[in-house]
Amino acid sequence: MKRRFPFRWPVRFGLNPVLVKELRQAVRSRFVAAALLLFLLVQVGGTGIMLVVRNLAGIENYSALFEAGRMMFHMLFAVLTAACLLFIPAYTGVRLAAERRQDNLDLLYITAIRPPAVIRGKQFAGAVIALLLFGASAPFMSFTYLLRGIDLPSIFVALAAGFLVIQVMILAAIFVVCIPASRVFKSLLGVAMLISIFWAITLLNVWAAHVVETGVGSTLRSGDFWKAAASSLGLGGTAAGFLYVLSVAAISPSSANRALPVRAYATGAWLCWGVVAGILSARQGDLDVMGGWLVFGLVLAGAGLFIGVGENETISARVRRAIPRRAIWRAPAFVFWSGPAGGVVWAALLAASTIGFYHLWGSSLRARTGYGSSQPDETVMIVVALFLHLFGYAMTAVFLWRWLLKNRLPPSSRGVTAMLLVAAGAILPVALALAFNKFSITSPSLDRWYYLGNVAAVFEKSCRGKHIIAAGVLAVVMTGLNLPWFGRQIRAFKPLREK
Amino acid sequence: MIDRPLHVEVRDLKRFYGKTRAVDGISFAFESGHVFGFVGPNGAGKTTTLRVLATLDEPTDGDAFLNGVSVREDPEVVRTMVGFVPDSLPTHSDITVLEYLDFFARAYGLGGRERTAAVEGVVEFTRLQGLRDKLIKSLSKGMKQRVSLGRALIHDPAVLLMDEPAAGLDPRARIEFRELVAALAEAGKAILISSHILSELTEICNGVVIIDKGKVLETGTMEEVRTRDRTRFRRALAIRPLDRHEEMRRDLLETPRVEQVGLVGAELRVEIEGSDEECCAILAGLVQLGYRIVEFRPCRDDLEDVFMRITGKETE
Numbered sequence: 001m002k003r004r005f006p007f008r009w010p011v012r013f014g015l016n017p018v019l020v021k022e023l024r025q026a027v028r029s030r031f032v033a034a035a036l037l038l039f040l041l042v043q044v045g046g047t048g049i050m051l052v053v054r055n056l057a058g059i060e061n062y063s064a065l066f067e068a069g070r071m072m073f074h075m076l077f078a079v080l081t082a083a084c085l086l087f088i089p090a091y092t093g094v095r096l097a098a099e100r101r102q103d104n105l106d107l108l109y110i111t112a113i114r115p116p117a118v119i120r121g122k123q124f125a126g127a128v129i130a131l132l133l134f135g136a137s138a139p140f141m142s143f144t145y146l147l148r149g150i151d152l153p154s155i156f157v158a159l160a161a162g163f164l165v166i167q168v169m170i171l172a173a174i175f176v177v178c179i180p181a182s183r184v185f186k187s188l189l190g191v192a193m194l195i196s197i198f199w200a201i202t203l204l205n206v207w208a209a210h211v212v213e214t215g216v217g218s219t220l221r222s223g224d225f226w227k228a229a230a231s232s233l234g235l236g237g238t239a240a241g242f243l244y245v246l247s248v249a250a251i252s253p254s255s256a257n258r259a260l261p262v263r264a265y266a267t268g269a270w271l272c273w274g275v276v277a278g279i280l281s282a283r284q285g286d287l288d289v290m291g292g293w294l295v296f297g298l299v300l301a302g303a304g305l306f307i308g309v310g311e312n313e314t315i316s317a318r319v320r321r322a323i324p325r326r327a328i329w330r331a332p333a334f335v336f337w338s339g340p341a342g343g344v345v346w347a348a349l350l351a352a353s354t355i356g357f358y359h360l361w362g363s364s365l366r367a368r369t370g371y372g373s374s375q376p377d378e379t380v381m382i383v384v385a386l387f388l389h390l391f392g393y394a395m396t397a398v399f400l401w402r403w404l405l406k407n408r409l410p411p412s413s414r415g416v417t418a419m420l421l422v423a424a425g426a427i428l429p430v431a432l433a434l435a436f437n438k439f440s441i442t443s444p445s446l447d448r449w450y451y452l453g454n455v456a457a458v459f460e461k462s463c464r465g466k467h468i469i470a471a472g473v474l475a476v477v478m479t480g481l482n483l484p485w486f487g488r489q490i491r492a493f494k495p496l497r498e499k
Numbered sequence: 001m002i003d004r005p006l007h008v009e010v011r012d013l014k015r016f017y018g019k020t021r022a023v024d025g026i027s028f029a030f031e032s033g034h035v036f037g038f039v040g041p042n043g044a045g046k047t048t049t050l051r052v053l054a055t056l057d058e059p060t061d062g063d064a065f066l067n068g069v070s071v072r073e074d075p076e077v078v079r080t081m082v083g084f085v086p087d088s089l090p091t092h093s094d095i096t097v098l099e100y101l102d103f104f105a106r107a108y109g110l111g112g113r114e115r116t117a118a119v120e121g122v123v124e125f126t127r128l129q130g131l132r133d134k135l136i137k138s139l140s141k142g143m144k145q146r147v148s149l150g151r152a153l154i155h156d157p158a159v160l161l162m163d164e165p166a167a168g169l170d171p172r173a174r175i176e177f178r179e180l181v182a183a184l185a186e187a188g189k190a191i192l193i194s195s196h197i198l199s200e201l202t203e204i205c206n207g208v209v210i211i212d213k214g215k216v217l218e219t220g221t222m223e224e225v226r227t228r229d230r231t232r233f234r235r236a237l238a239i240r241p242l243d244r245h246e247e248m249r250r251d252l253l254e255t256p257r258v259e260q261v262g263l264v265g266a267e268l269r270v271e272i273e274g275s276d277e278e279c280c281a282i283l284a285g286l287v288q289l290g291y292r293i294v295e296f297r298p299c300r301d302d303l304e305d306v307f308m309r310i311t312g313k314e315t316e
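In order, the protein sequences belong to chains A and S.
Residues in the first sequence are numbered from 1 upward in steps of one, following this note's numbering.
Residues in the second sequence are numbered from 1 upward in steps of one, following this note's numbering.
Careful: at least some of the hints might be erroneous.
[Said to hold, decoys possible] Here are the simulated SDA-like cross-link-like pairs (lysine to any residue), alpha carbons at most 25 Å apart as the crow flies: (1) A:186 with S:164; (2) S:213 with S:164; (3) S:19 with A:159.
[Said to hold, decoys possible] Derived list of chain S stretches under chain A, where covered just means 3 residues or more per stretch with a C-beta under 8 Å from a C-beta of chain A: (4) 74 to 80; (5) 90 to 98; (6) 103 to 116; (7) 251 to 260.
I should point out that these hints are in silico values taken from the structure, not numbers from a laboratory.
By construction, the Cβ of each residue, glycine as well, lies at the ideal position given by its N, Cα and C atoms.
All chains should be built: construct the whole structure from the sequences, respecting the hints.
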């Protein structure tokens, strides 16, 4: 028999392959079918019970008559959000976890498909299943409008918000599965996610109750509604974007320049929100929004610092090939490219820029409007103390790894060590004070030597100066001790010269 | 068909899991048209090596190159050149054979008519025509193995890596599988097959890599391995005299360098220690003694013999 071979075809992507496969499997999945049937059953049952109870009670209260639609919407929305938020992220996460088992990685990951396409495919598949459930709920939702007591824009706004929250939660589930961590750590993250899902269901339903109670139809023409909608969309979009780039980085090959998209996205988000916060602050004449941006910058810098110190020092040939040849471009590349020293510098620059810009903006605002005479300096001092603490502990973790743990633990342990040091800095000095009978129970003041390593104590104004000095000394000394480590990485950051 | 020959080189590859050295600095090479057997006892590091070559796992040190493209540095490029048939069969639930192949064709970037043609091509090649709409989980082991091979071939890779592909197959499925491998080798693919069934590898392989405890004991084409083996170890001869069998057996036993002589039917099986020179000397001696010899030939060692001798020597 003559046998034919498929020849090498030109690469051309159409529909996301993962999406196609996931949907094909979902269509045949008994689990999905059972979940959908159960969902419909609960909706039919709930709607039927509500109608029967109302009819049996009779029409005695006319105001209650006009609440029928709203009441039913609350019930249906609660069922829909609970079903979607509990079922879809779990379904997506469990399927992905099965594919990414270390001992049996799915062969999908050795095809030509790129990590972003895998994450997008999983996300879209989750979105389509959510749409399926929303579609199954649509006839019941329409029915609530006919029962009166609710306006269509409120229904649509609540549903849209619910859909967006579900998408963020699906991405969060994907991220938890993708991160290269131990099962114990992932299980802890899973529990945290479950708690946040319950929170999301509760908050979403409380918020939706408020929305349908007040009705958004009349506010559509006002700017307030669109401002709130835009900021919610922006915040949700930023969070979703973070989860997406982090998931993509987590499943990319270790030789890839994994840090670049994450740091580029974080810097972009930081800049965009800085501009938005600046505009809003200028219009409102206060620093409230800028304060939010300051916290956002600090969280980014802190997370970037702890993740960054855990990166591998050895730059792969693939990353080296992408290093710019011109020195002028090489300096910014060092900050954004994969590498722990670059990560530390990126985090420090981000923190310094955030604090510096906030301080300048606050001074300028105070000069123009006389707003909050001492507020900017106060907030800046807290943030400076916080970041110096984090930086000092991160540098200590690097130092400890270099001198004690290098042959025992991988570089990725440095981030965890830094976090443990933060906890140790809060607990150990207190334990020592207790052991030497120096701990004062009668005086609750945080202005004690054994609180100097405690990050949370920087919020106490009376001892903040000492905290800044202590954390600053730790940061400077540890950075000094790690200078050879920085130097080696800077020297190694050269483009690969291939024959 | 392969457009240009492809050279696969494994260079000082290491893969450690904690203190366990699964692969400890192995090096070997093979190229287009070669079917290399990857042989070793359980836990020798075969599956780990294949997983690294397929980019499913990352090496601790060392590297492997496909026409100079590093498995470590450019796994994405390597993936387009490699087809991998793992030891575990496809277990995807709720998906038919056609959908499974279609998914992987999409994942390798094939679109439209090309994808349809590629899927049809492998369905025909692996003789899955009657099974295309069956759910994968309902297939027998042999059928699943064919689906797995079809998936590995969907993007027409230049290199095919197979991990225990014949394990658990019935005799008919094994014969069919052997035919498929022969056809693929004819098409110019570089094939590396790990298997415990050495007699099967002898029939389809023209090269071998023998590993144990993560280290390569022997590698090369079958001829090279046999030749190297002969110069160092015993070799076997088959002699068929017309008559005087018992007398010849006694004479042979008294000949220097002859280690063992056995009578199998009308043939004498002789084991000697030495090279071609010694073989010629023995034949000349027998003729001089007046024996009438119908046949005198060296016995080709199969992979089993080579494997047993090499691993046996290592054990000693």
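### Message
For a quick check of understanding: which of the numbered hints are violated here, in increasing order?
### Response
1, 3, 7
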